[in-house]
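**Q** The chain contents come next:
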Amino acid sequence: MVGAACALYAARAGLDVALVDRGPVAGGTTGAGEGNLLVSDKEPGPELELALLSLRLWDELADELGPAVEYEPKGGVVVASAPEGLAALEGLAAEQRAAGVEAVDVPANRLRDLEPHLAPGLTGGVLYPQDRQVMPALAAAHLVRASRARLLTGRTVTGVLRTRQGAVRGVRTDRGDVHAPAVVNAAGTWSGEVAALAGVTLPVLPRRGFVLVTEPLPPRVRHKVYAADYVADVASDSAALQTSPVVEGTAAGPVLIGASRERVGFDRSFSLPVARALAAGATRLFPFLEQVRAMRTYLGFRPYMPDHLPAVGPDPRAPGLYHACGHEGAGIGLSTGTGHLIAQILGGGRPELDLTPFRPERFEQEAV
Amino acid sequence: MNPLELAGARPEPAFTVTFDDRELQALPGWTVAAALWAAGITSWRTTRRDGRPRGIFCGIGVCFDCLVTVNDRPNQRACLVAVRPGDVIRTQEGTGHAD
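These protein sequence lines are chains A and B, in that order.
Residue 189 in the numbering used here sits at position 189 of the first sequence; the count goes up by one each step and never skips.
Each position in the second sequence, counted from 1, maps to that position plus 368 in the numbering used here.
No wet-lab data here; the hints were simulated from the structure.
Accuracy of the hints is not assured; some may be wrong.
Under 8 angstroms between C-beta atoms, here's a sample of chain B residues computed to sit facing chain A [claimed, not checked]: (1) Arg416; (2) Phe432; (3) Asn443; (4) Thr463; (5) His465.
No residue lacks a Cβ here, since even glycine has one placed at the ideal position from N, Cα and C.
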């Protein structure tokens, strides 16, 4: 997704773009996502600024591509089941409001106006009207098409071409070289490997997540609905399994149930404990789901960075190499802003946001 | 030739199920899809958006095209669910859920 957005904005800035992908479009983490465009789960700071920029750009793209990518400005509802959780949630919402996020406190007795099928007994919640959803595989495909970039799928990057002085001059693939004065590394969870081909380190790690998919249903879940502890899970550094319920309907009918996080490498095996925990969490929020059949699960690997911020910008260790990766579970949402910023710096301009927090070499300096 | 004879099969006695109130005979061990096919029925669902007919596509539980309502429970995969005596099988329209 991030690669597709970089291609689109770079092409619209007048650059000649080739997209190289080892697999098909959306064959990696994009195809395993839920398509969340969220501000609700982000604390004030650089990631939230990138999210707000990205949302603005998604709204613009929706004018062109909205129905094709199942763009739904549905809003998010975060709910708390205990007073302490609600206090923390409302505290976060107040900070987010100060940072430009729309966030509306919802008392317990109004929650069912928003979501008629929510469980009774919740303490309250916050409505985030800006949260949105797309169908990520469609979004990536349509952005690629709209970019008119040369699309080279099924081609594995095996090397990064560099001049004797060290400047990046393109990539070597298993089916020939692609020459370019600038290379953008948007390989998602595999970006660390591409960086290594250029001789630089980038600590991207896989953080596995499962999604449960129900049978198709009539519209019953209107917003993206999740429990307040999800925000803490997202920000956690733990490698152990964490699950917090995230429930959303889709345009096609199935309800998607997340979210799990665990660091187990690239292990693709099914995990019954995770599926159980997801189902239990979802039925706590929406009791009617007990009677609904889960058809399947899918899993993916979020590109996790040690400080939960992506790497966006030029790499001074390899002139001509740019990174656009490490967005963890927020890559669909943050892709447009990332692509826009990358296009601005590729074109020699000043990026609209300060890229200092996203510097790809920041971990090297910390290690010293 | 009847495949049962070909295989030398001696199945247990047939039993009755209904499909949209029509009585069908089925043999133990058949799937719902087998019972429907044996009765010449190839479509038992309509799609959610355009109401187009659907039946068996992959036949191995992967594609979810053959969904059907069995004993009031919608979205059963006809190709996987074993048919049992007295099953009430119904054409599934849309999601199969009310409202």
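**Q** Confirm or reject each hint.
**A** Each hint, compared with the structure:
A cut of 8 angstroms between beta carbons decides the hint on B:Arg416: the least distance to chain A is about 6 angstroms, and the hint holds. The beta carbon of B:Phe432 comes within 6 angstroms of a beta carbon in chain A, closer than 8 angstroms, and the hint placing it at the interface holds. Interface restraint check: B:Asn443 against chain A, minimum CB-CB distance 4 angstroms, threshold 8 angstroms, status holds. Interface restraint check: B:Thr463 against chain A, minimum CB-CB distance 5 angstroms, threshold 8 angstroms, status holds.
For B:His465, the interface hint holds, since its Cβ comes within 8 angstroms of a Cβ in chain A; the closest pair sits about 6 angstroms apart.
The earlier numbered hints are all upheld by this structure, with none contradicted.
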